[in-house]
Every structure is written in structure tokens, then in C-alpha cells.
Amino acid sequence: MKKFFYILALGLSVSLASCAPSEVDDLFDENPAVRIDNAVKNYTELLKSNGGRWLLKYFPNGDQEGYNFVMHFKNGSVEISSKNAYFDFTADESLWDVISDFGPVLTFNTYNEVFHPFSDPEPDGTGLGGDYEFIIMSADENTINLRGKKTGIAAELVRISDATSDLDIFNQIDAQRAISFSSLVDTLYLTTSTGYQFGAIGHNGMVWTFFPDEGNHASNLIDYPEHMNSMFTLNGLRFMGPLDFISEYDPEAFIPQNFTLQEDGTLLAEDGVTRISAGALSKVFCSQRVSFNIDKDNMGGDFKTLYDNFLSGAKAKLRRTISSMAFTYFNFYESKPFNHFGLHFKAANLNCFIFLDYTVIDGNTLSMSFNPNATLPYNDNGRTYYGGDWIDSNGAQQHTDGVQEVRDFISMLSSRQFSFKADNMLCPTKLTIYDKANPENYFVLKMVNNPNYIDESTIEY
Amino acid sequence: MKKYFKYIGAIALVAMAAMSLSSCSEKGFDETIFPDVTDELDPSSYTYKFDKWLKENYLDVYNLEFQYRLKDTETDMYYNLEPATLANSIDLAVLAKYMWFDVYEEVSGSKEFVKMYGPRILMLVGSPAINPQSGTTVVGLAEGGIKVTLLNVNAMNVNNIYALNGDYFHTMHHEFSHILHQTKSIPREFQLLSLGHYDASNWQERDPRVVNSLGFVTPYGSSEIREDFAETIANYITKTDAEWELIWRNASRGFWTDGDETSQDMSTLTYYTYFYYENNEVNEEKRKGTIFENIEFKDDGTMTLRGQSQRGKGTSTKQDDGTYLDEDGKLVDRQGFLLDSEGHRIPIYVYDVEDRDGVDGVALLTQKINIARNWFKEQWNIDLDELRNAVQTRVSNYTPEVLESLRQQVNNMQ
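Residue numbers (our numbering), protein chains in the order written: chain Z, 1 to 461; chain B, 1 to 414.
One should not assume that every hint holds.
Taking lysine-lysine pairs in the BS3-like style, the calculated list, with each CA pair at most 27 Å apart, reads [claimed, not checked]:
id	chain 1	residue 1	chain 2	residue 2
1	Z	Lys74	B	Lys55
2	B	Lys71	Z	Lys150
3	Z	Lys430	Z	Lys446
4	B	Lys55	Z	Lys41
5	B	Lys52	Z	Lys48
6	Z	Lys74	B	Lys71
7	B	Lys71	Z	Lys149
8	Z	Lys48	B	Lys71
9	Z	Lys41	B	Lys52
10	B	Lys147	Z	Lys149
It is worth saying that the hints were derived from the structure and are not from the lab.
Owing to the predicted nature of the structure, the values given are computational and were not obtained by experimental measurement.
Produce the complete structure using the sequences and hints provided.
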């Protein structure tokens with residue numbers, strides 16, 4: 001009997017509940033169909049408004065650099081231009097639309113010879129894998145955030161004025177890239193907002209590999225390829241996504257994605273603190289891939305005096321005119337390590353190398369010392385002499401021991417502390433090495449690729 | 001007491017049902033939540049003339065939507081595809097009407113036949129659909145008789161009507177054949193003709209000439225009955241006389257391969273139609289050559305290699321009487337070529353490969369075309385030969401000026 005009343009009570013309560021008012025306050029003023037229809041119309045008008053000229057920042061996939069496209073949206077058609085690794089400056093007109101699909105979607109729905117090669121499936125069914133349909137995630141008057149429908153990769157449209165031609169825009173971007181990276185600097189450094197530092201390689205190909213700057217980078221490479229590819233835009237450098245690997249090493253740090261080029265050459269993130277640069281200049285000076293040629297027309301103080309004496313002494317006692325002098329690594333096949341640091345100078349029938357050791361004291365301070373114990377390599381038919389074992393009777397001693405001015409120059413290098421200035425803190429081409437105690441004493445060093453450097457890992461001893 | 005509860009229970013149940021139902025009936029249907037959508041074309045639109053031409057020539061006439069703006073949700077998302085160019089879309093739209101829709105109108109006597117049975121959507125895709133796993137390429141698709149998709153439109157060459165006919169309009173005839181046989185089924189006698197010779201999984205690896213000799217027009221036609229039927233019709237309509245001549249010739253021949261026909265990858269097999277014979281023995285080396293164009297057909301029914309003669313064996317030796325003999329003692333000339341009793345060089349004889357597939361390819365193809373011809377006439381009141389002639393006439397009369405005049409139809413829209 002009890003069971004009967006329980007069932008009856010349950011049935012009555014359900015019935016009464018169903019009579020209760022079911023009105024729920026609407027979150028939106030309009031129903032979904034009207035809202036998406038309005039969104040389509042609004043985005044269509046936004047794209048065409050104020051001249052309808054936008055710059056698209058686009059990554060076709062996670063494995064290569066991104067590309068810029070200037071897009072001029074008109075009533076039904078869009079003119080797209082670009083200049084990139086695949087073709088010279090080219091423009092083409094095709095169709096576009098904003099459709100309601102996964103929400104409002106911007107689609108480039110007829111083939112454009114500038115844009116669609118990035119989504120061409122040939123020859124393997126995938127091609128570069130890029131999108132041509134984009135979900136519109138958010139927008140304001142001057143920026144539209146997009147997400148590729150197939151790849152899910154973020155893209156951004158930024159409004160641009162008619163003041164600059166399409167070609168000039170791409171030339172500006174190219175110029176920015178040209179002065180930003182250099183083959184002379186193979187490692188860059190990202191310093192986070194809290195001061196933590198990551199090294200980075202691969203930037204010349206725009207696909208970066210980062211590593212904590214704590215030793216051997218080869219064993220510490222960070223595997224986040226989806227965020228490591230980048231592109232230059234009008235404002236600077238943009239990564240495909242936020243560099244969120246940073247938080248694993250530096251939880252408090254700002255997570256950057258976009259960097260603007262500064263006057264000193266560095267790339268500064270949106271937070272105004274996080275920065276990419278060539279790093280400590282004393283490290284740059286120690287690069288094995290670069291020769292630092294002393295600019296004979298640009299030196300000062302007693303550095304100039306000692307340099308001039310070096311040349312005149314060599315001329316008088318060796319009957320040689322020194323043609324060039326550089327701080328550099330030099331390779332010796334019969335030695336380990338393979339590449340040695342030192343002072344290299346050349347004259348007719350004289351190719352002389354003086355071994356030096358260096359000590360990095362801090363990021364911008366370094367000292368050098370003559371290394372009398374360095375192994376003396378072979379003597380190359382009397383034409384090439386190496387001054388490693390200066391005290392011995394071999395090698396450079398024959399040419400330099402008797403030249404007091406050379407000894408004075410080496411003594412100076414071995415007795416001072418040096419600091420550095422660079423013409424550009426991201427892509428330096430010149431370093432000024434100066435006496436830390438007296439900046440009036442300085443050499444300007446021109447950076448060039450070291451013709452005598454050979455990757456030791458490729459050598460079989 | 002039990003009786004009372006019974007009544008109370010019944011009353012309570014009725015009350016609950018009434019309350020529940022009344023709570024549902026409070027609201028009626030509101031107006032549609034979807035905004036009004038106009039099908040009026042915008043005269044200021046970039047594609048107004050083309051869109052208007054499509055409306056007047058496809059939508060209004062055939063109730064067909066010509067989709068040249070690619071929407072990936074309308075495609076098989078497994079494939080990466082790209083849109084067609086606007087220029088190629090316009091060309092294909094006017095050419096499809098000229099080479100396909102107008103032909104059916106001409107042969108059937110009205111637009112009603114295609115309007116009744118034709119596809120509702122014709123979709124263009126710029127790229128081929130390449131399977132990233134297998135690498136196979138799809139150039140046309142039909143879905144349930146509703147939508148026909150033409151792919152690889154960006155590779156279209158309007159100066160080659162044979163390629164256009166073979167690629168795009170062949171696809172349309174093929175897919176339309178499917179639509180028709182889904183309405184009125186494939187004759188049973190056709191379904192029985194090639195049983196046992198279909199290969200649904202490896203058809204793409206079959207040699208086109210070998211499938212001809214098995215009684216199929218194409219390898220795809222050898223995949224299954226329905227594709228055989230559609231391929232027979234589409235190829236009969238679109239292939240030129242010269243192309244059919246080749247099919248008949250292959251259908252009548254035998255083929256030989258030294259590869260393993262039971263292997264998984266038949267695409268690597270090479271087939272030969274002739275053997276070279278030398279001294280009445282198969283010349284293993286020479287028979288692999290492509291010799292088709294060098295065959296000389298003699299009046300006595302033999303075949304020789306044009307201008308080539310048999311060589312004697314080994315070094316020839318001059319006899320006292322001035323003649324030469326080879327190592328087997330056979331008469332040769334100074335250059336070592338075998339001579340007959342009258343002193344003429346003996347030509348290299350060539351022999352057909354024996355047709356051992358057990359199928360009379362010519363007879364089978366003839367039957368298939370006859371069945372299709374009768375089926376078209378009886379079921380659809382369409383003369384298949386008239387249809388073929390109409391297509392072939394348009395193909396042979398096609399010039400760049402024809403295309404230009406068709407384009408003008410779009411340009412002249414107001």
C-alpha cells in the first residue's frame with residue numbers, strides 16, 4: 001500500500017513540475033540564426049570598409065615559415081598579392097565570401113594563384129596543407145582573428161592603409177628581415193620577463209629551436225615545433241602561436257608571440273620586457289663561425305699605436321707588409337680541439353697564427369692571454385707558420401720572436417680586460433672591442449664568415 | 001478499502017495526464033527563427049553576369065545548382081581540395097551546357113528528360129582528389145543521383161576538346177548513367193555477361209588493353225557491374241571512332257606477360273601482344289620490344305618485322321663455290337643473314353600472342369553496347385547512337401571560336 005502512495009506522490013509531483021513556468025531568460029537579444037546572419041553581414045561589411053585593405057599573416061602548416069598577403073576586399077572579389085619564397089611579387093583577383101558554417105567563416109572560394117598554392121594538395125594529396133576557409137574568432141575595427149578550419153592554425157588580418165603600395169609593403173617586410181638575422185649569428189637568445197634565458201637556433205630559416213641556456217644545447221632542445229615557426233610582418237616577428245614552452249621552465253614569465261624590431265636591433269615582445277637578441281657580446285666574440293677582422297681605418301688610443309708599431313716592426317724586420325689581422329678560430333687538422341682561437345695575420349708568403357686563450361668574465365667583459373703551451377702544428381713548406389709555441393725555436397718564433405713590436409702587441413692583449421659594443425644587438429656586423437679601463441683604446445672589428453672554420457663534428461681524426 | 005484505492009488511483013492518473021498535457025499546450029508554433037533569404041542577384045556583384053547566366057541556363061531550366069564557389073563542407077573532408085578558378089568555371093559551365101545538356105535536349109526533343117533525371121547539383125573542384133594514403137586520384141564523383149562533382153578543373157585545357165570530352169563530359173555521362181540505372185535497373189543479361197572477371201579491389205592496376213580483351217572498355221569498368229554499365233555507355237558516347245578502333249583491336253588480341261599476374265601489384269606488369277621468332281624459336285630478348293608499329297602484314301597472312309631479317313648462327317664461313325654457311329651449315333649471305341632457296345633474305349616472322357583468356361572481347365563488348373543501346377531506347381526513348389553522333393559532331397566542330405561565342409553568352413548578360 002505504501003508503495004502505491006509513493007508512486008502516486010511521485011507522479012503528482014512530476015505533473016505539477018511540468019505545469020511550472022518554463023520561461024528562461026534569453027542570454028541574447030536575437031535567436032541564433034539571426035545572430036549568425038547578422039555576424040555574416042557585419043563581418044562582410046567590416047572587411048570591405050575603409051578601403052577594404054588588409055594584411056593577412058598566415059601559416060600554412062606548423063613546419064615552415066609564415067607568409068604575408070595583402071588583401072583588397074571588394075564587393076564579391078578580392079585582390080591578393082604576395083612576395084615570398086615561392087614567387088616574386090604577384091597579384092591575382094578571385095572571389096571571397098563570409099558564410100555561416102562553423103560560425104561565421106571567411107572563405108576564398110575560387111582559386112587565386114597567389115593564395116591557393118598553399119592549399120594545393122598536389123602532388124601527394126596534402127601539399128603544403130594550408131587553409132582557405134577561416135573561422136572568424138573575433139574582430140575589432142582594425143584586427144580580425146581567424147582560425148584555419150582544417151588546420152586550426154591561427155591567422156590574423158590587420159587593416160592597412162592605401163598609403164603604401166603592395167610591393168612597397170613586401171619590400172619593407174623583406175628589408176626588416178634582411179637586417180634582423182644574419183648567418184654570422186647562429187645562436188640568438190630569448191630573455192624572458194623574469195630574466196631567464198633561452199638559446200635559439202634555426203631563426204635564419206624562420207623555424208626556431210629553443211633550448212634552456214644551461215649548457216649543452218644539443219641535449220636540451222625543446223620540442224614544440226608547432227609554435228616555433230615564425231614570420232616577419234610589418235611590425236616585426238610573429239610566431240605561429242604563443243611560446244608557451246617558456247612556462248615549463250619559467251612559470252612566472254610572460255608568454256610572448258609577437259615581437260617588434262627596436263632601434264638597437266633587438267626584438268621586443270608585447271610586454272615590453274621579453275626580448276630576443278644576439279646575447280652577451282663576449283659570447284658573440286667567441287663565435288667559431290665568425291672572423292673579426294681588425295678595421296685598420298677605425299681604431300683608437302694605444303691600440304692604434306701598438307697596431308701601427310706591429311706593422312712597422314714587421315715591415316722593418318720581416319720585410320713583410322701585413323695585409324690583414326683578425327681575431328678568429330683557425331683549424332688544424334692534426335690537433336684536438338680542431339679549431340683554435342687566436343690572432344691571425346697575413347702578409348705575402350706569411351700566414352701566421354698566434355694562439356690565444358680567452359676568459360669570459362661576464363656578459364660584456366673578456367680577457368685574453370697568450371698561450372705558449374698550445375700544441376704546435378705542422379710547418380707547411382715554410383709558407384705557413386703558427387705561433388703557438390712562441391718560446392720554442394720553431395714556427396712563428398722565427399718570424400715574431402725577433403720583432404719586439406709583435407711581442408708588445410701580444411703583451412697588450414694578454415694584460416687588459418676588454419668590453420664590446422655592437423652596431424646591432426640582434427644581427428651585428430661590427431663589434432667594437434675596447435679597453436675596459438680606458439674606452440679610448442679600441443679596435444672596430446668587421447664580422448665576416450670565418451673561412452677557416454670547419455665543423456669539427458664532420459672531421460674524422 | 002482496496003476498492004476505494006482503486007478509484008483514487010484511477011482519478012489520480014487521469015488528473016496527472018490532464019495536467020501534463022495542459023502544460024504542453026500553452027504555446028503554439030512561433031514564426032521561423034531563420035531570417036528571410038532573398039535569391040535576388042546583386043547587379044553590383046563581381047559575378048553578377050555569370051550568376052545570372054547560371055540561373056537562367058541551369059537553375060531555372062534544369063533546377064540545377066551550378067556550384068563553382070567551393071565549400072569544403074560540401075566535399076569529402078578526407079581529401080585536401082582547392083577551388084576552381086573563376087575563368088575555368090565559366091568555361092566549364094558554358095561547355096557543359098553545349099556538350100552535355102544541349103545534346104540531351106537535341107536527342108530527347110526537350111529539356112524535360114534532363115530536368116527530370118539530371119543531377120540537382122554540379123560542383124566544381126579545382127584540384128584532383130588525391131588519397132594521401134594510397135596516392136590514387138579521383139576526377140569525378142556522383143552522390144545518390146543528386147550531385148555530380150567535377151574535379152581537377154584548374155588543369156582544364158579548353159583547346160583540347162578531346163581531353164575535355166574524355167575528362168569532364170565523360171564523367172558527366174558516366175555519373176548520369178548511374179542516375180538512370182538507379183531509376184530503371186541494369187538489364188539482367190548485362191549483369192551476367194562478365195561475371196567472374198570483375199576485380200573490385202585491384203581494377204586500377206589492370207592494363208587497359210588487357211581489360212579490353214576481357215570485354216571491358218576501361219579498367220574502372222572492370223571493377224563491378226554498375227561501373228561496367230556506366231563506363232560502357234559513357235565511353236561509347238564520348239570516345240572517337242579512332243579510340244574505339246583501338247579498343248576493338250585490343251579486344252581481339254591475346255596478351256602475354258612474364259610477370260606474376262597473381263601478385264598484389266599488377267601495375268608493374270608489362271604485357272606484349274607479339275612474339276619475335278628467329279629460327280622458329282622465341283627470341284626472349286627481342287620480344288620485349290615495342291614492335292607494334294614495325295609490323296608488316298603480308299598478303300599470305302603472315303606478319304614480319306618491317307625491313308628486318310633473320311641472322312645465321314655464329315660466324316659464317318666462305319665455301320669454295322663462293323657461298324657462305326653459318327655454324328649450322330645454313331646458307332647465309334656475306335653479312336650473315338639467312339637466305340632462302342632463291343637467295344632472298346628470310347624475314348623475321350612475328351606471331352600474335354595466343355588469346356588464352358577464354359573471353360571473346362569483341363563479342364562481349366558488342367553485346368554490352370547492344371544491351372545499353374536497347375535499354376536506352378526501351379526505357380528512356382533515347383537513341384544511343386544518335387546521342388553519340390550528336391556528341392561526336394560537336395567534338396569535331398569545336399573550335400576556339402565556338403568557345404568564344406559561348407563565353408559571349410555570359411558577357412552579354414544584362
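These are the hints, each one checked on the structure:
no., hint, in the structure
1, Z:Lys74 x B:Lys55, "holds, 23 Å"
2, B:Lys71 x Z:Lys150, "holds, 12 Å"
3, Z:Lys430 x Z:Lys446, "holds, 5 Å"
4, B:Lys55 x Z:Lys41, "holds, 23 Å"
5, B:Lys52 x Z:Lys48, "holds, 23 Å"
6, Z:Lys74 x B:Lys71, "holds, 20 Å"
7, B:Lys71 x Z:Lys149, "holds, 11 Å"
8, Z:Lys48 x B:Lys71, "holds, 21 Å"
9, Z:Lys41 x B:Lys52, "holds, 22 Å"
10, B:Lys147 x Z:Lys149, "holds, 24 Å"
This entry satisfies every hint, going by the numbered hints stated previously.
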